[in-house]
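Undergrad: The lines below spell out each chain.
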Amino acid sequence: MPKVTIDGHTIQVPDGTTILQAARMIGPEVAPPTMCYYSKLKTSGGYCRTCIVKVTKGSDKDPRPMPKPVASCRTMVMDGMEVVNNTSPEIVDARKGVVEFLLINHPLDCPVCDQAGECHLQDLGYEHGLSSTRYDFERRTFERKDIGDKIQLHMNRCILCYRCVKTADQVTDGRSHGVMNRGDVAEISTYIEKAIDNDFSGNVIDVCPVGALTDKTFRFKSRVWFTKPVDAHRDCPKCSGKTTLWLKGEDVLRVTARKDQWGEVEEWICNECRFDKKKTKDWIIEGPRKIDHHSVISQNHYNKLANPHYKKLGK
Amino acid sequence: MKALTNRSKVAVDKELTLMERLYFPAVLKGMMITLRHVFKKSATVKYPEVEKEFAPVYRGHHVLKRDEQGRENCTACGLCAVACPAEAITMTAAERKKGEEKLYREEKYAKVYEINMLRCIFCGLCEEACPKEAIFLTDEIVNASYDRKDFVYGKDKLVEKMDNRIDITKRQKKY
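First to last, the protein sequences are chains Z and Y. For the first sequence, the residue numbers in this note's numbering are 1 to 315. For the second sequence, the residue numbers in this note's numbering are 316 to 490.
Check each hint, because a few of them may be wrong.
Unchecked claim - 25 Å max Cα-Cα, derived PhoX-like pairs, lysine-lysine:
1. 476(Y) - 412(Y)
2. 150(Z) - 344(Y)
3. 470(Y) - 248(Z)
4. 329(Y) - 221(Z)
5. 413(Y) - 221(Z)
6. 344(Y) - 329(Y)
7. 145(Z) - 412(Y)
8. 426(Y) - 228(Z)
9. 426(Y) - 248(Z)
10. 145(Z) - 413(Y)
11. 96(Z) - 68(Z)
12. 417(Y) - 355(Y)
13. 412(Y) - 150(Z)
14. 54(Z) - 472(Y)
15. 344(Y) - 221(Z)
16. 57(Z) - 40(Z)
17. 356(Y) - 221(Z)
18. 344(Y) - 361(Y)
19. 221(Z) - 355(Y)
20. 344(Y) - 216(Z)
21. 426(Y) - 221(Z)
22. 426(Y) - 279(Z)
23. 216(Z) - 355(Y)
To be verified - From the structure, some residues in chain Y lie toward chain Z, with a derived Cβ separation under 8 Å:
24. 390
25. 392
26. 393
27. 397
28. 409
29. 410
30. 421
31. 423
32. 446
33. 447
34. 471
These are computed hints drawn from the structure, not numbers from a lab. Glycine included, every Cβ here is placed at the ideal spot set by N, Cα and C.
Chain Y extracted, bound-state conformation (with noise of 0.2 Å):
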C-alpha cells in the first residue's frame, strides 16, 4: 500500500548501537524538548481570573428583545422554529387583550416561548429567519446544570430585562 504521507518510516529489527543502548541521550533529548516549552507562550489562559474575549459574532444563549418603548418584539410567527434544524424551539400564541398594548408590540404574542438548549446546536438561524428583530444570539454560555428540565428556557429566562438590556448592534449584519 502507498503510504499517505512521507514520514512514515520503516520498522527495522536491527541491533541497536552503543549509544542508542545507553538510553541516557535520548532522555535527555526529551527533556530539552519539555523545557523549551516552559519557555514559550501557553495557548491557554487561567480562566476564572483571566477570561478570554469573545468575537463579536460568538453564539451563546438567545435573548427576546424589547423595542424602545419595552414592549416585546416576538409576535409567535413561528419562522425561527421551523428554521430551526435542531427543532429545540416551540411556542405557544396568544392575543393581546386592551390594555397590553404597553407590553407587545403586536396583536399577536408568544405567550409561552421556550428554547431547548440541550438540542440547541447554536447556528443562528433562528436570528436569521426572524422578521421582527425578536430573537438574538448573545455572548452569554448556558449555565451548566444537573438537571435536565433546567436547560429548556421560558420566557423568564430568555426576554431580556429592561434595567438589564442586552446590546446586540455589534452583531448586527450591516448589509
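Just chain Z, same shape as in the assembly (with noise of 0.2 Å):
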C-alpha cells in the first residue's frame, strides 16, 4: 500500500493506482481535469495531455523529482511519491498551454453546438484557457459525414480523445466505429461508411467530451439549460435501464445516462432506452436530478424556497 502525497493531501492507495485515480479519491478540489481518460473504459486516458502534474518526489527510495510534467492518468503511484498540481503555477501554466492546442482546430460554434453548457472543453477552457486565438492559420475542416440517423458526427469538434472508439470496442460487440488516419488528418468513423446500429452504440455521445457526437433526436430541440433533468428508470431487457430524463414540460426531449460528479457514466445504457423512448409513460420518474449549481444547467431551476419566510407559510 503506497502512501501518495497530491497538493499536500496524504493518502494510502492499493498497488496499481494511478496518480489521476488517488487524486479523485482525495476529492475534486485535487483531482486533476481529464478530456481522455475514463474510468470505465480500459485503456483510455494519455492522448489529451490535460492531468499533467508535477512529481516533486519520486519516492521514498528514488527521492529524484521527474524531470517534465507526467500525464497523470497514465503514471502509477510509488511509495512516498510527492506530486502537485494546482498549487503549482509551473503547472497551472503548463496546463493552459494544453488546453491552448486542443483549442486550436476547434470550432467557436458554440451558440450552435447542442453539447454547450455540459461541454468538458467549455468548462476547460472557461477555467484554463485564454478568451481568444493566437492561432493565424485555417482550422482544420472535414466533411459532412452521416453515420446514421441516430448519432450525429461533427468531425470538425473532435478532440480525439479516442473515448468513443474505446466504448465502440468495449461495450458493444463487433465495432464499427474507429479512427482513420493519422496525425493532423486524423478522423472518426465508423468503417467504410457502416451506421452504428449496435444495441449499445448511443454511449459514444455520452462518452464524448465535446460536441462531436451529439444526439441527432435531440438535435437543435432546446439548449440544455431551458431542459429540466430528472432521474428515472424503467424495465429494461438488455440494460439497468437507469437514466437521466432532460425534460421541457411533459415532452421527453432527451435520453442519456446518470454522469457522477467527474462527469461519467454510471451504467451504459441502451439505444432503446435512449432513442425510442420519449414519453413521460415509458419511465418511472424518481426526482430532479442534482446539477452542481456552478453549472449553467441549474440556472432558472428553483429546486429550493429563496425566502425562508414562505417555508413557516407552508408554501
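Since each chain sits alone in its own frame, please combine them into the complex, following the hints.
TA: Right, here's the structure in full:
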C-alpha cells in the first residue's frame, strides 16, 4: 500500500493506482481535469495531456523529482511520492498551453452546438484557457459525414480523445467505429460508411467530452439549460434502465445515462432507452437530478425556496 | 425624536398678528412665486410638435439584426433568454435546410423568437449576452395597445427589414 501526497494531502492507495485515481480519491479540488481518461473504459487516457502534474519526489527509495510534467492518468503512484497539481504555477501554466492546443482546431460554434452547457472542453477553456486565439491559420475542417439516423457526427469539433472508439470496442460487440488516418488528418469514423446500429452504440454520445458526437433526436430541440433533468428508470431487458431524462414540460427531449461527479457514465444504457422511449409514461420518474449549482444547467431551476419566510407559511 | 432635517418647524398655537390676519399679503406673496415661473424656461416639451432627443444609448425595443448579405444573425443559442432577468425571451430553434443559406447565417436559426414587452425591463443584458451580434436595443418606443397579446413581439416585428435597416453603431461599445 503506497502512500502518496498530492497538493499536501496524503493518502494510502492500493498498488497499481494511478496518480489521477489517487487524486480523485482525495477529492475534486485536488483531481486534475481530464478530457480523454475515462475510468469506465480500459486503456483510456494518455492522449490529451490535460491531467499533467508535477512529481516533486519520485518515491522514498528514489527521491529525485521527475524531470518533466507527467500525465497523471498513466503514471502509477510509488510509495512516498509527492505530487503537485493546482498548487504549482508551472503546472497551471502548462495546462493553459495544453488547452490552447486542444482549441487550435476546435471551431467556435458553441452557440450552435448542442453540447454547450455540458461540454467539458467549454468548462476547461473557461477555467484554464485564454479568451482569444493566437492561431493565424485556417482551422482544420472535414466534410460532413452521415453515420446513421441516431447519432450526429461533427468531426470538426473532435479532439481525438479516443473515448468513443474504446466504448465501441469494449461496450458494444462487433465494433464499427474507429479512427482513420493519422496525425493531423486523423478522424473518427464508422468503417466504410457503415452506420452504427449496435444496441449500445448510443453510449458514444455520453462519453464524448465535446460536441463531436451528439444525439440526433435531440438536435437543436432545446438548449440544455432550458430542459429539466430528472432521474428515471424503466424495466429494460437489455440494460439497467437507469437514466436521466431531460424534460421540457411533459416532453422527454433527451435521454442520457446518469453521470457521476467526474462527468462519467454510471451505467451504460441501451439504444432503445436512449432513442425510442420519448414519452414520460414510458418511465418511472424518481425525482429531480442534482446539478452542480455552478453549472449553467441549474440556471432558473428553482428547487429551493429563496425566502425562508415562505417555509413557515408552508407554501 | 431628533429631526431628520433642520427645516422642520415647531407648530405653535399663538395668536395671529394683524398682517397675518389680513391674509392678502400672503396671497400676493404666493402670486409672485407663480408669476416668476411664467418667465422661467419650461421643464417639458410640447410633445407631438417637439420631440426630445434620445440619449445615444437609450434602451427601447429590440431588433434582430441581419448581416450585410441580409442573413439573420441569430442562431437561437439561448444566451439572451438565460441572461434575461425578467424571463421575457423565448425561442424555438430549427435546422437550416438546403437552399436557405441566404436567409440564415448559421446552420441553426430561430424559428420562433418572442419577447414579451410587458415583462421586458429594457436592461440590455440580452444585447450584452449575444455572441452573434444579433440582438440590439433600439431607440424605438414600444407602442401602446389595448391588448396584451400585442405586446408579445415575434420575429415579424423584431427582425429588421432589409429596406429599412436600423443603425445601431452608436450603441455599440468601443473597447
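Undergrad: Given the hint that residue 145(Z) pairs with residue 413(Y), test it: the Cα-Cα distance must not exceed 25 Å.
TA: 16 Å, holds
Undergrad: Quick one, are residue 426(Y) and residue 248(Z) close enough, alpha carbons at most 25 Å?
TA: Given pair residue 426(Y), residue 248(Z) holds - Cα atoms ~17 Å apart, limit 25 Å.
Undergrad: Would you check the hint for residue 216(Z) and residue 355(Y), treating anything up to 25 Å between C-alpha atoms as holding?
TA: Violated - the C-alpha atoms of residue 355(Y) and residue 216(Z) are around 70 Å apart, more than 25 Å.
Undergrad: Quickly compare the C-alpha distance for residue 476(Y) and residue 412(Y) to 25 Å and report which way the hint goes.
TA: Distance of about 22 Å is within 25 Å: holds.
Undergrad: Next pair to validate is residue 417(Y) with residue 355(Y); report whether the Cα-Cα distance is within 25 Å.
TA: 58 Å, violated
Undergrad: Next item in the hint list is residue 390(Y). Is there a CB on chain Z closer than 8 Å to its CB?
TA: 5 Å, holds
Undergrad: When the nearest CB of chain Z is found for residue 392(Y), is that gap smaller than 8 Å?
TA: Result: holds, 3 Å to nearest chain Z Cβ.
Undergrad: Could you grab the alpha-carbon distance between residue 344(Y) and residue 216(Z) and see if it respects the 25 Å cut-off?
TA: 81 Å, violated
Undergrad: Are residue 397(Y) and chain Z close enough, Cβ to Cβ, to be under 8 Å, as the hint says?
TA: 5 Å, holds
Undergrad: For residue 145(Z) and residue 412(Y), compute the direct alpha-carbon distance and say whether it is at most 25 Å.
TA: 16 Å, holds
Undergrad: Against chain Z, is residue 410(Y) within 8 Å by beta-carbon distance?
TA: Because about 5 Å separates residue 410(Y) from the closest Cβ in chain Z, which is inside the 8 Å limit, the hint holds.
Undergrad: Need the status of pair residue 426(Y), residue 279(Z): alpha-carbon distance at most 25 Å?
TA: Measuring from Cα to Cα gives roughly 24 Å; hence the hint holds.
Checked against the numbered hints given earlier, this structure breaks hints 2, 4, 12, 14, 15, 16, 17, 18, 19, 20, 23, 34; the rest are met.
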